[in-house]
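Protein chains in written order, with the working numbering: chain A, -2 to 388; chain B, 64 to 174.
Calculated from the structure, these hints are not laboratory results.
Cut-off 35 angstroms, straight-line C-alpha distance, at most; resulting in silico cross-link-like pairs (DSBU-like, lysine-lysine): (1) Lys131(B) / Lys135(A); (2) Lys131(B) / Lys63(A); (3) Lys131(B) / Lys72(A); (4) Lys132(A) / Lys359(A).
Computed spacing ranges between beta-carbons, pair by pair: (5) Pro103(A) / Leu158(B): 25 to 31 angstroms; (6) Phe318(A) / Ala69(B): 56 to 62 angstroms; (7) Gln121(B) / Glu341(A): 50 to 56 angstroms; (8) Lys124(B) / Glu161(A): 28 to 34 angstroms; (9) Gln121(B) / Val378(A): 50 to 56 angstroms.
Cβ atoms here follow ideal geometry from the backbone N, Cα and C, with glycine treated the same way.
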Amino acid sequence: AAMRSRAEVDATLQTAKLNPAELLPAVQCLSFGPQAGGGECCLLQLEPGLCAELEAGHSLVIRGEKDEHAVLCSKDKTYDMKIADTSNMLLFVPGCKTPEELNADPASGNIIHSQVAGFSNNYWELRRCRPKLKKLRKLLMEDPYDGPDSQKDQTSTFSKYSTEDLLSLIQASEEEILHQLQVVDACKIEGYWRILDFDYEMKLLNHVTQLIDSESWPLSKVPLCACLEELGSLEPREMIEHILVTYGRKYVDAGEVFFEMREDKICRAIAQMLLQNAVKFNLAEFEEVWQQSVPEGMTTRLDQLQGLALVDKSSRPETIFLLKVEDLPEDNQERFNSLFGIREKWTEADITPYIQDLCAEKQTVGALLTKYARSSMLNGVKVYNSRRPIS
Amino acid sequence: SGGAGALAQWVLVELQGEVVPRQSGGLAGSLLGDLHYTSEGVPVLVVGHHILYGKVVQLEKPFAVLAKRGGAPQPSPAGPHGHYTVTALIKTKLLFKTRPKPIITHVPKKV
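Bound conformation, chain B alone:
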């Protein structure tokens, strides 16, 4: 259901390939990267030793983010039975499709 009050607007970040945790113990809490924009508005994502260039896309077909009530596992292909609430709407995505540009480091910078 939609529910009263304005729906939150989130943003989709689309990356090529898989996101793999650097340390064991899963992704929760770990860093993804730094998101910058050039003065022309081009998104630049620094992930690990890679620089990703992307673009801001207004979605022709927005997404709704559905959260399953009760916190059950991912809906099965047979059908998303159960109750869902619409948590947020997504009308914009940051699409990173270009090949990551690796960062060559010789001396790690100490802070």
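So here's chain A without its partners, still in its complex pose:
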């Protein structure tokens, strides 16, 4: 179609009985561009901060396999994506000028031809969500590393995952993924992220704690060099250093590297080692064996086992059993269903370690309990149970 002329525009104004004196001199004649109906463009509504990130040149990535709901990831955050329908028509017009822009540029002439690049009656809405990180542990647990002598590794047909592989498979931002790799104590072996097989990890830890004991080193000052020297013949040096990093805090003193061993984490790991061998334990017996099993100078406490084990105070005698939060479902409702399936009524103190990770950015455990559980009093103590009937 031929472009409209100023004369045609003025004629239309006259027919419409609009007074040109009340209008700015410039008119923008809008027409549909050649690609307009193609549906190749879509609109994404941006949460605070994302616009600035884009303008600074950062990328946003949409992640998700065919069977997953898509998420949008910035450098450090993850968002659920949802289509929002509007009853109105949204046209996107490049180069369309606002009154301020027209006034600021008198040279823009009195007729501007602009094309509508596309239109839509829906757009993508974003809602900040927890990164979907359970899959990360699942992938790395497909093939835990159990040492250089492992026959398994040479003939392994399991996938190994590099950072790039994880970025394309996990619905989370890069920062969230790298942080989680730290949380699960993963290490990079030959360019691939690996989680250690638990028994191998305990074997490594045992080498270190035995050495600390025989050398009478203080738990707060374990020298890296000496460990590598003494244990280097037994295990790869990278693994010795990795176990020290996992179970200690690295620091430098007078140019030498030392580790302050983490009592809570070591006690917790040894508890797991003991508890995984049976369905449940007599609590008193377990506490005795546990204290005897940890390095000299360390004290065991039940609060070290939050999210790892659960004490049953209603049984006689009292018992304790392994219950790892990372083995539970990631979805909120499924998590609560699973917990109420294990135990009908929970105190807030008992359930908190098992729902803490579900809290959204500013959400509290209390808010989660209000939403997913029903409270009642039992022997003067407030307890929570399922909102649904137990089948």
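Use these hints to put chain B onto chain A, whose structure you have.
Chain B in isolation, oriented as in the chain A frame:
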């Protein structure tokens, strides 16, 4: 991805109802209307035989215009899988919500 260089700033025009092509053969290339502003900055859109009055709105939540690489059809509700580039940002919209005022013509003006 965002990409290097400044991102283009586009404007959203929000209209009630559907945009229907006057002639068969689709919308591409056809005219939408004349966009004027009053001296007070009120947008006035003349579309066909209608006058629409609107307002300029600064968006609290700006939009990004995503173009699917490869020119595939509209993303499905299941998820916008595939690669997208951010073509432009939209921080301003012209919202036309008032009922269109029809233009009564008796004699078509010949130019």
